[in-house]
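The opening residue of the sequence shown carries number 1 in the UniProt record's numbering; numbering runs sequentially from there.
For the record, the hints were derived by calculation from the structure and aren't laboratory data.
Among the hints, a few may not be true.
Within a straight-line C-alpha distance of at most 30 Å, the following computed DSSO-like cross-link-like pairs (lysine-lysine) qualify [as the list claims (entries may be wrong)]:
1) Lys422 - Lys281
2) Lys312 - Lys407
3) Lys267 - Lys302
4) Lys263 - Lys118
5) Lys54 - Lys259
6) Lys378 - Lys60
7) Lys263 - Lys305
8) Lys259 - Lys353
9) Lys267 - Lys305
10) Lys60 - Lys259
11) Lys118 - Lys290
12) Lys281 - Lys59
13) Lys302 - Lys118
14) Lys378 - Lys305
15) Lys323 - Lys472
16) Lys378 - Lys267
17) Lys353 - Lys263
18) Lys114 - Lys208
19) Lys422 - Lys118
20) Lys351 - Lys415
21) Lys281 - Lys75
22) Lys415 - Lys378
23) Lys407 - Lys351
24) Lys422 - Lys305
25) Lys353 - Lys281
26) Lys208 - Lys118
27) Lys259 - Lys378
28) Lys302 - Lys263
29) Lys484 - Lys75
30) Lys267 - Lys312
31) Lys118 - Lys259
32) Lys59 - Lys267
33) Lys259 - Lys312
34) Lys351 - Lys305
35) Lys208 - Lys267
36) Lys415 - Lys305
37) Lys407 - Lys118
The calculated label-pair distances, taken between Cβ atoms and stated as ranges, are [as the list claims (entries may be wrong)]:
38) Arg299 - Leu48: 28 to 36 Å
39) Arg432 - Asn333: 40 to 48 Å
40) Gly414 - Ser458: 24 to 32 Å
Positions of the beta carbon are idealized from the N, C-alpha and C atoms, including for glycine.
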Amino acid sequence: MLPTFRKTMSRSGTTAVKRTQVITRHMMSTTSTSTRHEEPQVIFDSLLSVRTYKLNRPKKLNALSHEMLRLLRPKIEEWSRSDLCTAIWGWGEGRAFCAGGDVAGVVQAAADPKTRDKATDFFKSEFELDYMLAAVPQPYVAIMDGITMGGGVGLSIPANFRVATENTVFAMPETKIGYCPDVGASYFLSRLDGEMGTYLALTGDTLKGRAVFEHGFATHYIPARRLPMLLESMSDSSNVAGLGVRQGRRVKEYQMNTKEYSKRINKLIEEYALEAEPTDKLVSDFVGVKRSAIDWAFRHHKVEKIIVDLQKLTSHSDPSISKWASTTIDTLNLRSPTSLKVALRAIRTGKSKNLLRALEMELQIAAACCRGATPDFKIGVEAVLVERINGRPNWSPATLEEVSAEKVDEFFNGKYLTDADKLDIPEEFAERRILEPFHYALPTELEIRQMVTGDHPSGASSGLTEDELVDKFNVLYDGKVGVKEKVLEVARRRCQLVDNADGNRVWLQWRHSVEEPR
């Protein structure tokens, strides 16, 4: 239930309304063009116990610059050590949270041997900040209201709580510009359901609005108009007290109890979530047979084999699947062949790494792209972002067949690293446990499978019906918005119905193999 305000209010109620109005103006305010150049690229603020940062390059869609990274890191370190900071809130000015890194500047620096180290240093600073955001002791809430791509994903995906709105546009489009998904993508994308992460990493396809939540990138979906009320609720001292702060306890004490405190923050955010239309279906286009097609075609360790299976799907009896397969082949053919092969290996390798090791691997890839392993990064940025050409850039090599395994090895063996290219993570951040990235998101396909097969701690000794499966997860997730739709989509796609022949019970049996969609 959203908070409502009656005409007859107490003084505290009136104060709450005024505070909400102030926060709304604070969030919606813009600065005139004449003074914009004088503003800092990141604006920091305190709303009682909540600390906020706002990315403030709206004309550049808040693309990350060296200056933004320089401003953000010391603040994150300061807040993480503060007894007075109970939560961190990150968002962006204008129509983007953050559209990515300022790669045009990076490529320009990489082109000159005298400034090449600055290009790699940008990625180093960026990855360090991404890890620190994942390791802050306070709950971190990232508001993905608008374009959230590349570097913006790096700032948001480490957050305990990631809020999508109707304005969210999510993508990791690096293969379009001759680069590879980074900022922890090899860690996060490899842990998505099935092969969705592989598909998104290679194609650079976008997810919008509620679909960002349904696929786990966001933990909550909230209409943008409700964000000021959410921030007001988080910053209100009475709400903070109701979130587990006992009389006489120091803030730092309950911050250490991250699990309990975050559970209560999660419950607060959930109060503002938007229910889906009552159709029992997800709104994402990547469900049902199309999702099965993604899992089947993108399961391979070689890009060439992925394309072979996509070719088979162009003859699928369902016109929507055959059209999707053809479009996906065309999309992959536009991408850098080198980037495709490096990105696929990174996704496969990242699945067995922790976040820090994944970021270290991605720094090796970034250094290779900046120091001559491939010309495609420069070619792609100039063609797509500077010249804005239509069609395929002049990639070199031009085909997948010309990109050898030995060439791909160069991006992973540290050949292009220097002694300075080591992630510098403060000790207190490096020692903290990183929360599992989808902890507060919708149930994962793995968790649903475990419940069906009886391997889940809350599972049943006998088979579950569809309704029983939904009920189990509604209890586990405390009635979280979207749970029913997610569980039903997975069950109907991955399970077969088994009849006990007793005339009254039909239960679910998990299909373990990934088969060509019929």
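Hints, one by one, checked against the model:
{"no.": "1", "hint": "Lys422 - Lys281", "verdict": "violated (46 Å)"}
{"no.": "2", "hint": "Lys312 - Lys407", "verdict": "holds (29 Å)"}
{"no.": "3", "hint": "Lys267 - Lys302", "verdict": "violated (42 Å)"}
{"no.": "4", "hint": "Lys263 - Lys118", "verdict": "violated (41 Å)"}
{"no.": "5", "hint": "Lys54 - Lys259", "verdict": "holds (26 Å)"}
{"no.": "6", "hint": "Lys378 - Lys60", "verdict": "holds (20 Å)"}
{"no.": "7", "hint": "Lys263 - Lys305", "verdict": "violated (43 Å)"}
{"no.": "8", "hint": "Lys259 - Lys353", "verdict": "holds (23 Å)"}
{"no.": "9", "hint": "Lys267 - Lys305", "verdict": "violated (44 Å)"}
{"no.": "10", "hint": "Lys60 - Lys259", "verdict": "violated (37 Å)"}
{"no.": "11", "hint": "Lys118 - Lys290", "verdict": "violated (43 Å)"}
{"no.": "12", "hint": "Lys281 - Lys59", "verdict": "violated (37 Å)"}
{"no.": "13", "hint": "Lys302 - Lys118", "verdict": "violated (33 Å)"}
{"no.": "14", "hint": "Lys378 - Lys305", "verdict": "holds (28 Å)"}
{"no.": "15", "hint": "Lys323 - Lys472", "verdict": "violated (37 Å)"}
{"no.": "16", "hint": "Lys378 - Lys267", "verdict": "violated (46 Å)"}
{"no.": "17", "hint": "Lys353 - Lys263", "verdict": "holds (26 Å)"}
{"no.": "18", "hint": "Lys114 - Lys208", "verdict": "violated (41 Å)"}
{"no.": "19", "hint": "Lys422 - Lys118", "verdict": "holds (14 Å)"}
{"no.": "20", "hint": "Lys351 - Lys415", "verdict": "holds (22 Å)"}
{"no.": "21", "hint": "Lys281 - Lys75", "verdict": "violated (42 Å)"}
{"no.": "22", "hint": "Lys415 - Lys378", "verdict": "holds (19 Å)"}
{"no.": "23", "hint": "Lys407 - Lys351", "verdict": "holds (22 Å)"}
{"no.": "24", "hint": "Lys422 - Lys305", "verdict": "violated (35 Å)"}
{"no.": "25", "hint": "Lys353 - Lys281", "verdict": "violated (34 Å)"}
{"no.": "26", "hint": "Lys208 - Lys118", "verdict": "violated (34 Å)"}
{"no.": "27", "hint": "Lys259 - Lys378", "verdict": "violated (44 Å)"}
{"no.": "28", "hint": "Lys302 - Lys263", "verdict": "violated (41 Å)"}
{"no.": "29", "hint": "Lys484 - Lys75", "verdict": "violated (39 Å)"}
{"no.": "30", "hint": "Lys267 - Lys312", "verdict": "violated (46 Å)"}
{"no.": "31", "hint": "Lys118 - Lys259", "verdict": "violated (39 Å)"}
{"no.": "32", "hint": "Lys59 - Lys267", "verdict": "violated (35 Å)"}
{"no.": "33", "hint": "Lys259 - Lys312", "verdict": "violated (47 Å)"}
{"no.": "34", "hint": "Lys351 - Lys305", "verdict": "holds (20 Å)"}
{"no.": "35", "hint": "Lys208 - Lys267", "verdict": "holds (24 Å)"}
{"no.": "36", "hint": "Lys415 - Lys305", "verdict": "holds (28 Å)"}
{"no.": "37", "hint": "Lys407 - Lys118", "verdict": "holds (24 Å)"}
{"no.": "38", "hint": "Arg299 - Leu48: 28 to 36 Å", "verdict": "violated (49 Å)"}
{"no.": "39", "hint": "Arg432 - Asn333: 40 to 48 Å", "verdict": "holds (43 Å)"}
{"no.": "40", "hint": "Gly414 - Ser458: 24 to 32 Å", "verdict": "violated (44 Å)"}
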